[in-house]
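Protein chains: 2
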Amino acid sequence: MSQTWNDYQHKHKDRFLEELLEMLRIPSVSARTEHKADMIRCAEMVQKRLLEAGADKAEIIATAGHPIVYGEKIIDPTKPTVLVYGHYDVQPPDPLELWNSGPFDPIIKDGKIFARGSCDDKGQFYMHVKAMETMVQTNTLCTNIKFCIEGEEEVGSMHLTEFVIANKELLKADVILISDTAMLSLENPSIDIGVRGLSYIEVEVTGPNRDLHSGVYGGAVANPITILSKMIASLHDENNRITIPGFYDDVIIATDSERQMMASAPFSEEEYKTDLGIKEVWGETGFTTNERTGIRPTIEINGIWGGYTGEGAKTVLPSKAFAKISARLVPNQHSHKITELLINHLQKIAPPTIELKATLHHGGEPYMTPVDCKAYQAAAAAIYDTFGKKPIPVRGGGSIPICALFEKELGVKIVFMGFGLDSDNLHSPNEKFNVENYYKGIETIPYFHKHFAAIK
Amino acid sequence: MSQTWNDYQHKHKDRFLEELLEMLRIPSVSARTEHKADMIRCAEMVQKRLLEAGADKAEIIATAGHPIVYGEKIIDPTKPTVLVYGHYDVQPPDPLELWNSGPFDPIIKDGKIFARGSCDDKGQFYMHVKAMETMVQTNTLCTNIKFCIEGEEEVGSMHLTEFVIANKELLKADVILISDTAMLSLENPSIDIGVRGLSYIEVEVTGPNRDLHSGVYGGAVANPITILSKMIASLHDENNRITIPGFYDDVIIATDSERQMMASAPFSEEEYKTDLGIKEVWGETGFTTNERTGIRPTIEINGIWGGYTGEGAKTVLPSKAFAKISARLVPNQHSHKITELLINHLQKIAPPTIELKATLHHGGEPYMTPVDCKAYQAAAAAIYDTFGKKPIPVRGGGSIPICALFEKELGVKIVFMGFGLDSDNLHSPNEKFNVENYYKGIETIPYFHKHFAAIK
Numbered sequence: 045m046s047q048t049w050n051d052y053q054h055k056h057k058d059r060f061l062e063e064l065l066e067m068l069r070i071p072s073v074s075a076r077t078e079h080k081a082d083m084i085r086c087a088e089m090v091q092k093r094l095l096e097a098g099a100d101k102a103e104i105i106a107t108a109g110h111p112i113v114y115g116e117k118i119i120d121p122t123k124p125t126v127l128v129y130g131h132y133d134v135q136p137p138d139p140l141e142l143w144n145s146g147p148f149d150p151i152i153k154d155g156k157i158f159a160r161g162s163c164d165d166k167g168q169f170y171m172h173v174k175a176m177e178t179m180v181q182t183n184t185l186c187t188n189i190k191f192c193i194e195g196e197e198e199v200g201s202m203h204l205t206e207f208v209i210a211n212k213e214l215l216k217a218d219v220i221l222i223s224d225t226a227m228l229s230l231e232n233p234s235i236d237i238g239v240r241g242l243s244y245i246e247v248e249v250t251g252p253n254r255d256l257h258s259g260v261y262g263g264a265v266a267n268p269i270t271i272l273s274k275m276i277a278s279l280h281d282e283n284n285r286i287t288i289p290g291f292y293d294d295v296i297i298a299t300d301s302e303r304q305m306m307a308s309a310p311f312s313e314e315e316y317k318t319d320l321g322i323k324e325v326w327g328e329t330g331f332t333t334n335e336r337t338g339i340r341p342t343i344e345i346n347g348i349w350g351g352y353t354g355e356g357a358k359t360v361l362p363s364k365a366f367a368k369i370s371a372r373l374v375p376n377q378h379s380h381k382i383t384e385l386l387i388n389h390l391q392k393i394a395p396p397t398i399e400l401k402a403t404l405h406h407g408g409e410p411y412m413t414p415v416d417c418k419a420y421q422a423a424a425a426a427i428y429d430t431f432g433k434k435p436i437p438v439r440g441g442g443s444i445p446i447c448a449l450f451e452k453e454l455g456v457k458i459v460f461m462g463f464g465l466d467s468d469n470l471h472s473p474n475e476k477f478n479v480e481n482y483y484k485g486i487e488t489i490p491y492f493h494k495h496f497a498a499i500k
Numbered sequence: 045m046s047q048t049w050n051d052y053q054h055k056h057k058d059r060f061l062e063e064l065l066e067m068l069r070i071p072s073v074s075a076r077t078e079h080k081a082d083m084i085r086c087a088e089m090v091q092k093r094l095l096e097a098g099a100d101k102a103e104i105i106a107t108a109g110h111p112i113v114y115g116e117k118i119i120d121p122t123k124p125t126v127l128v129y130g131h132y133d134v135q136p137p138d139p140l141e142l143w144n145s146g147p148f149d150p151i152i153k154d155g156k157i158f159a160r161g162s163c164d165d166k167g168q169f170y171m172h173v174k175a176m177e178t179m180v181q182t183n184t185l186c187t188n189i190k191f192c193i194e195g196e197e198e199v200g201s202m203h204l205t206e207f208v209i210a211n212k213e214l215l216k217a218d219v220i221l222i223s224d225t226a227m228l229s230l231e232n233p234s235i236d237i238g239v240r241g242l243s244y245i246e247v248e249v250t251g252p253n254r255d256l257h258s259g260v261y262g263g264a265v266a267n268p269i270t271i272l273s274k275m276i277a278s279l280h281d282e283n284n285r286i287t288i289p290g291f292y293d294d295v296i297i298a299t300d301s302e303r304q305m306m307a308s309a310p311f312s313e314e315e316y317k318t319d320l321g322i323k324e325v326w327g328e329t330g331f332t333t334n335e336r337t338g339i340r341p342t343i344e345i346n347g348i349w350g351g352y353t354g355e356g357a358k359t360v361l362p363s364k365a366f367a368k369i370s371a372r373l374v375p376n377q378h379s380h381k382i383t384e385l386l387i388n389h390l391q392k393i394a395p396p397t398i399e400l401k402a403t404l405h406h407g408g409e410p411y412m413t414p415v416d417c418k419a420y421q422a423a424a425a426a427i428y429d430t431f432g433k434k435p436i437p438v439r440g441g442g443s444i445p446i447c448a449l450f451e452k453e454l455g456v457k458i459v460f461m462g463f464g465l466d467s468d469n470l471h472s473p474n475e476k477f478n479v480e481n482y483y484k485g486i487e488t489i490p491y492f493h494k495h496f497a498a499i500k
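Chains as they are written, first to last, in this note's numbering: chain R, 45 to 500; chain A, 45 to 500.
Some clues are possibly wrong.
Any copy, or any two copies together, can satisfy a pair, since identical chains are not distinguished.
To be verified - Derived DSS-like pairs: lysine-lysine, alpha-carbon spacing no greater than 25 Å straight-line:
no.	residue 1	residue 2
1	K452	K216
2	K101	K216
3	K274	K401
4	K434	K381
5	K433	K392
6	K323	K392
7	K153	K484
8	K317	K392
9	K433	K92
10	K433	K153
11	K123	K55
12	K401	K323
13	K55	K153
14	K317	K401
15	K317	K274
16	K381	K92
17	K317	K92
18	K92	K434
19	K57	K484
20	K274	K392
These are computed hints drawn from the structure, not numbers from a lab. Just so you know, these numbers come straight off a predicted model, no measurement behind them.
One chain only, chain R, in its complex shape (with noise of 0.2 Å):
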């Protein structure tokens, strides 16, 4: 088998190259309401490689935000199923100032894909696209396959959760194969055994009822800039330990066995510190760098702004602050309660100098693959088949809202087999995917389904 896939995938890995950049050429950017029309538009393209690529039936389902696509072939209703869960939604680009090249003008540069959207999660989930057409093309197909292609990842998968508990039937699966995680290298390849829940608010703190001339009323007017950084200050104690009352009730604490063996992964804080260009990590006392990513709750700040931001000066008491703030969940703590917890503790930290509103802007629950579970031993071996060693489970840090409500509504396990790197600039400036990554990818997915035919 592996020499007729390697035969394929070598004659046309100019065309697999080309079709993706053709997909990161459009901006499909969920959270903003001016690229609809460019969200329809990236839909359509999945619908169509879909089909090219040998589906059966490719089709985009209309929801109440963006559309998502849906796409199978099923060759025997007797033989596995494997769920391709993936999503052609990206993160805003901005700051735009600060890209080499345009966010949606990919260009491959050192090997490396660069555009908004290349790893995270276009690039991605079109491996499985094309591990697809190769297998269909060499007549090697040993399971049924299904595409879930959403359109809201970044923004919550708020409607895709309603079309999984409506379409039950349709997705009906043995497992759900999800490629929107990174690996450490090509030379250590590992597989993300958790993602971690999300709960992103924003709030808004007014103070007086316009803004003001700082020197007629400062001093005795709270400035809602003040007000809402001592707010977020208080949030963290002297050892970055979230002071929220309750918000670590829930976490289960890691075993000592799995904290030796995260320890035993590969991992130069000197390296990292360097690729990040900062003096010294920062942190929850007591725990290591890649512990407080992978097993510890977080709350960052993602955004803030308020009074004047624009060249030169203006002395102004603002009338309004703005956040962005989220926080990151670990196994067994759960978004809704957790949102709550932060909204509620917020409005009682806020002093009577202001208003406070506190929204939600999306959630979704934490996730772990069980190590022994026969699709994980799927993944491992395909890694192993084309890496030639084995995978090192791993935790990661980021979030796939959707992954709790699968695994609820399915009743399937699920399993990250990621080929991007953490450096690929997810959700930044300059986002990449190198190229050696997705042509790995595209080798290594066909073993997966082997496996998984197998062992099923």
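The hints should help you fit chain A onto chain R, whose structure is shown.
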């Protein structure tokens, strides 16, 4: 005299207003480089109007920044000379969406002129131009008048400083008269006897060298917004007292009698709160609202920004966060010293997980007019003539950066005859100036010249 003045002003009042509106249509925003041409256009209009009003000469003087307009009407070198200082530059109009009409599209509604600069300071310095016209046209001018109208007051009067030092002879005068402050109300006329000084800085906090995914890195890398918030939060203690060591060292404590005088000025805290839409006032424990803005130094955050500030949600851990921070200073504090204290303090409290850059925008010294000087007495007498009441001396919260330098270099006192109101939305959306106050200023100013010539 008064009948002649009144008749002339009454006859020309519509034109007086129209000329002001014409000047308000020029967006002379000194902080923004894109308004460079507008600044020149506005300076040219000031020059033209001075000549039309009877000035012997009026010149536009180029500086390394925006030009200064100098004009004069010398009737007799042996007579007293009044130097009128004002500024034709205005604050940026942001946030634009909160204006009910265009900031540079002046309209008159309910007897108020709504436009950026209507009160601060085009409307106020222009009263002096029209007062001069009145005296010239009615042959009643009894002093020499010099005008120094600059274009950089809102950005710290950087180049005016050089100009004053280099042109002491040209600017030689017996008093400096400034209308760039407020009075309590037309029913309770007042004269500001003090303006606060200013230190205005900008800080840039850099964490990682690029924006990061807040899931992949969150909890392990210092977030510059969190760090900046903690630094800002630490600047005031639980009594809203500034925590920077040495900040209050040079403050002259107001005497009990001055505090009693301030307490006797008409002021309703309930009305103040209702006007601003706040439930509670804020400020340094142990001081009243008027003391907090009048006799105490303050620190305000004028702007803050960092991370994602657009629509929707973006899970980013940003590379940078910024703030604009200013201190208002009271007599005997020194802008240079406080700026240094502030910057050094921020550098000192900056943790090693981030890089801090703090730079000066501009500064200015505090100033006080002695109530027993002749110039103040002339102003008080003029107010009495047209309002029928003795003005209340009050301490204003704002700053006019050039005052201390004027006194030092020219050796004369400064009098603030302001006709604005605190509620005029200076530096805010919907800045206004009551038409009645504009006319009242034009009516009152000739009396100042009359009294000053007589006293002198």
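Exercise. For K317 vs K401, is the C-alpha pair at or below 25 Å within one copy, between two copies, both, or neither?
Worked result: Classified as between; 20 Å across copies, 37 Å inside a copy.
Exercise. What label fits K57 with K484 when the C-alpha limit is 25 Å: within, between, both, or neither?
Worked result: Result: close within a single copy only, 11 Å intra versus 81 Å inter.
Exercise. When no copy is named, should K317 and K392 be tagged within, between, both, or neither for a Cα gap of at most 25 Å?
Worked result: Intra 37 Å, inter 22 Å, cutoff 25 Å: inter-copy only.
For this session: Since the copies are identical, ignore which copy is meant and state whether K381 and K92 lie within 25 Å (CA to CA) inside a copy, between copies, both or neither.
Result: Cα proximity of K381 and K92: none, with 41 Å in one copy and 68 Å across.
For this session: If the cutoff is 25 Å on CA atoms, where do K317 and K274 land: within, between, both or neither? Let me know, please.
Result: Between. Shortest inter-copy distance 23 Å satisfies the 25 Å Cα cut-off; intra-copy 29 Å does not.
Problem set entry | Intra- versus inter-subunit Cα pairing at 25 Å for K433 with K92 | Answer is neither: 36 Å inside a copy and 83 Å across each miss the 25 Å cutoff.
Exercise. Is it within, between, both or neither when you check K317 against K92 at 25 Å Cα-Cα?
Worked result: Neither, since 43 Å and 62 Å both go past 25 Å.
For this session: At 25 Å max between alpha carbons, let me know whether K433 reaches K153 within a copy, between copies, both or neither.
Result: neither (28 Å within a copy, 78 Å between copies)
Problem set entry | Within, between, both or neither: K153, K484 at alpha-carbon 25 Å | within (18 Å within a copy, 69 Å between copies)
For this session: State whether the alpha carbon distance between K123 and K55 is at most 25 Å within one copy, between copies, both, or neither.
Result: For K123 and K55, neither the intra-copy (29 Å) nor the inter-copy (98 Å) Cα distance is at most 25 Å.
For this session: If the cutoff is 25 Å on CA atoms, where do K452 and K216 land: within, between, both or neither? Let me know, please.
Result: Answer is within; shortest intra-copy Cα gap is 12 Å, inter-copy 85 Å.
For this session: Classify it for me, K323 with K392: is the Cα-Cα distance of at most 25 Å met within a copy, between copies, both or neither?
Result: Answer is between: at 16 Å across copies they meet the 25 Å cutoff, but 36 Å inside does not.
The structure is inconsistent with the numbered hints 4, 5, 9, 10, 11, 16, 17, 18, although it conforms to all the rest.
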